[in-house]
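Peer 1: So you can see what is in the structure, the chains are spelled out below.
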Amino acid sequence: MLRKRLVTVLTFNQGVLFRTRNFIPDHRYTANFVDAWSVDEIVLLDVTRDPAPCRPHFQAAVSWFAERCFVPLTVGGGVRSLADFEKLLGLGADKVAINTGAVERPELIAEASRRYGAQCVVLSLDAAPHGDGGYRVRTRFGTRDSGMDPAAWAARAEALGAGEILVQSVERDGTLEGYDNRLHRLVSDAVSIPVLGCGGAGNWAHFAEGFEEGGLSAVCTTNIYHFTEASVKSAKAFLKARGHAVR
Amino acid sequence: MIAVVDYGLGNVRSVVSAVSRLGHAAVLTRDPGELALADKLILPGVGAFGEAMERLRAFGLVTALRRLVEDEEKPILGICLGMQLLCEESLEFGRHEGLGWIPATVRRLEPGPGLRLPHVGWNELFQTAPSPLFAGIPEDALFYHVHSYYPDCRDPALVVGESDYGGRFPTCLQKGHVFGVQFHPEKSQRHGLTLLGNFLALDLPDTAAAAVPALSAPPGGRA
Chain A
20 MLRKRLVTVL
30 TFNQGVLFRT
40 RNFIPDHRYT
50 ANFVDAWSVD
60 EIVLLDVTRD
70 PAPCRPHFQA
80 AVSWFAERCF
90 VPLTVGGGVR
100 SLADFEKLLG
110 LGADKVAINT
120 GAVERPELIA
130 EASRRYGAQC
140 VVLSLDAAPH
150 GDGGYRVRTR
160 FGTRDSGMDP
170 AAWAARAEAL
180 GAGEILVQSV
190 ERDGTLEGYD
200 NRLHRLVSDA
210 VSIPVLGCGG
220 AGNWAHFAEG
230 FEEGGLSAVC
240 TTNIYHFTEA
250 SVKSAKAFLK
260 ARGHAVR
Chain B
3 MIAVVDYGLG
13 NVRSVVSAVS
23 RLGHAAVLTR
33 DPGELALADK
43 LILPGVGAFG
53 EAMERLRAFG
63 LVTALRRLVE
73 DEEKPILGIC
83 LGMQLLCEES
93 LEFGRHEGLG
103 WIPATVRRLE
113 PGPGLRLPHV
123 GWNELFQTAP
133 SPLFAGIPED
143 ALFYHVHSYY
153 PDCRDPALVV
163 GESDYGGRFP
173 TCLQKGHVFG
183 VQFHPEKSQR
193 HGLTLLGNFL
203 ALDLPDTAAA
213 AVPALSAPPG
223 GRA
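Line by line, the protein sequences are chains A and B.
To convert a position in the first sequence, counted from 1, into the numbering used here, add 19.
To convert a position in the second sequence, counted from 1, into the numbering used here, add 2.
None of these hints come from the bench; they were simulated from the model.
Positions of the beta carbon are idealized from the N, C-alpha and C atoms, including for glycine.
Be aware that a few hints might be false.
Said to hold, decoys possible - Cβ-to-Cβ under 10 Å is the rule here; a few derived chain A residues that face chain B:
1) L21
2) R22
3) K23
4) E60
5) A85
6) C88
7) P91
8) L92
9) S132
10) R134
11) A137
12) Q138
13) S207
14) S211
15) V214
16) R266
As the list claims (entries may be wrong) - Just a sample of chain B residues kept apart from chain A, beta carbon distances all over 10 Å, derived:
17) D33
18) R109
19) G178
Stated by the list, open to error - Have a look at the derived ranges for each label pair, beta carbon to beta carbon:
20) L117/B with T194/A: 29 to 37 Å
21) R23/B with R201/A: 37 to 45 Å
22) L30/B with A264/A: 33 to 41 Å
23) P75/A with P115/B: 44 to 52 Å
24) T162/A with A159/B: 56 to 64 Å
25) R87/A with G138/B: 21 to 29 Å
26) G138/B with Q33/A: 37 to 45 Å
27) Q33/A with L117/B: 39 to 47 Å
28) A264/A with R23/B: 22 to 30 Å
Only chain A is shown next, with the shape it has when bound in the complex:
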């Protein structure tokens, strides 16, 4: 049986590993411990606002992880072109996450999917609640309202050739209050490709709720392992006891 995945998302600002809150880098967090031998997958995101000067540091980090972690590696941040795909894949990424670049030019999804295969193209979709009771897709580090509905954008991305969708809640990021499972369910019901949810996990029960209520194939965390001494293993023990198939 295919296992539900626990994915750790590591955000880098100016080449340094960061934690974030509401997508804003927070300096309090500096050290990190990733139990690379029980996490199922790793996502590395460059969240540097002005990325150009620090890109080499981020790329060095990608290589470092690629050489040491024998689990799937997704890399994103500032990807705008097939040349960016080529660069990240060359550094050892298995999949590339595209966000603002895909919103600005959706054909990038189709072009990358044709060249590298759907499994390589992860649509990173940031969303926040809207005054009308729905959600809107945000771009540019969560700062800009694209006007698009997340479910509709996800479905379009699937049609264009995306292989997975990583949904991040801008509002829940760093809060440890639990996933926005209404958002995750809207997206996971709209597509037939795997959906990864991110933003707000504060305890193991939140992971279970992400699977049960959000319809997620994978639960992602950016911050929880930074705050707790608990390991991925203890999270998995909890989920197994609750009847979820995890590795």
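Got chain A; can you put chain B on it based on the hints?
Peer 2: Chain B alone, transformed into the frame defined by chain A:
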């Protein structure tokens, strides 16, 4: 020395890293001369079948691989798309001819309602027949899969491992010195490295080659 065939598709670096971690010298190359020097070949790859075959042809690798694998009987391990390329044909985006060493047609998974495609994540490897690749790997160990197509093999004797996603399908194929795995051993942590190490450590004339049928040219001629 182990040669990882570089035809410009997919994350080949992680395969090289894994081979190096296992203590073997690895080169990433598309140079037939360098491939000829290798003790074993690894054919990695992710992406679309047709595009991959086109690239292999464009780099002169189809001819080179035929000589090395068919005439010189160099052991080869195909990973993911690389495994599918070992088959006769694929139905991904039309019909495409493969290297033809394994009598199989690569078809799209049809897992049924409620199961998402691509099949992404950790799933069991059921060891359906003995294989030197499985030494030290517990029954039902989990491996990382990411694919939408699988090899529908006409000769059940060549299938040594399966997985289950809305039904069983082959994930490990073995014919003489030709091996293929649908999952990614280089992305499957401990068990993945063990499997890869088993391939690298194979001493074929004494083990696998004697136990399984010899490789023969595919019906329907060569590409």
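Peer 1: Each hint needs a verdict: does it hold in this structure or not?
Peer 2: Hints versus structure:
| no. | hint | verdict |
| --- | --- | --- |
| 1 | L21 | 5 Å, holds |
| 2 | R22 | 4 Å, holds |
| 3 | K23 | 8 Å, holds |
| 4 | E60 | 8 Å, holds |
| 5 | A85 | 6 Å, holds |
| 6 | C88 | 9 Å, holds |
| 7 | P91 | 5 Å, holds |
| 8 | L92 | 8 Å, holds |
| 9 | S132 | 9 Å, holds |
| 10 | R134 | 7 Å, holds |
| 11 | A137 | 6 Å, holds |
| 12 | Q138 | 5 Å, holds |
| 13 | S207 | 9 Å, holds |
| 14 | S211 | 5 Å, holds |
| 15 | V214 | 8 Å, holds |
| 16 | R266 | 5 Å, holds |
| 17 | D33 | 18 Å, holds |
| 18 | R109 | 16 Å, holds |
| 19 | G178 | 28 Å, holds |
| 20 | L117/B with T194/A: 29 to 37 Å | 32 Å, holds |
| 21 | R23/B with R201/A: 37 to 45 Å | 43 Å, holds |
| 22 | L30/B with A264/A: 33 to 41 Å | 36 Å, holds |
| 23 | P75/A with P115/B: 44 to 52 Å | 47 Å, holds |
| 24 | T162/A with A159/B: 56 to 64 Å | 59 Å, holds |
| 25 | R87/A with G138/B: 21 to 29 Å | 22 Å, holds |
| 26 | G138/B with Q33/A: 37 to 45 Å | 43 Å, holds |
| 27 | Q33/A with L117/B: 39 to 47 Å | 41 Å, holds |
| 28 | A264/A with R23/B: 22 to 30 Å | 29 Å, holds |
The earlier numbered hints are all upheld by this structure, with none contradicted.
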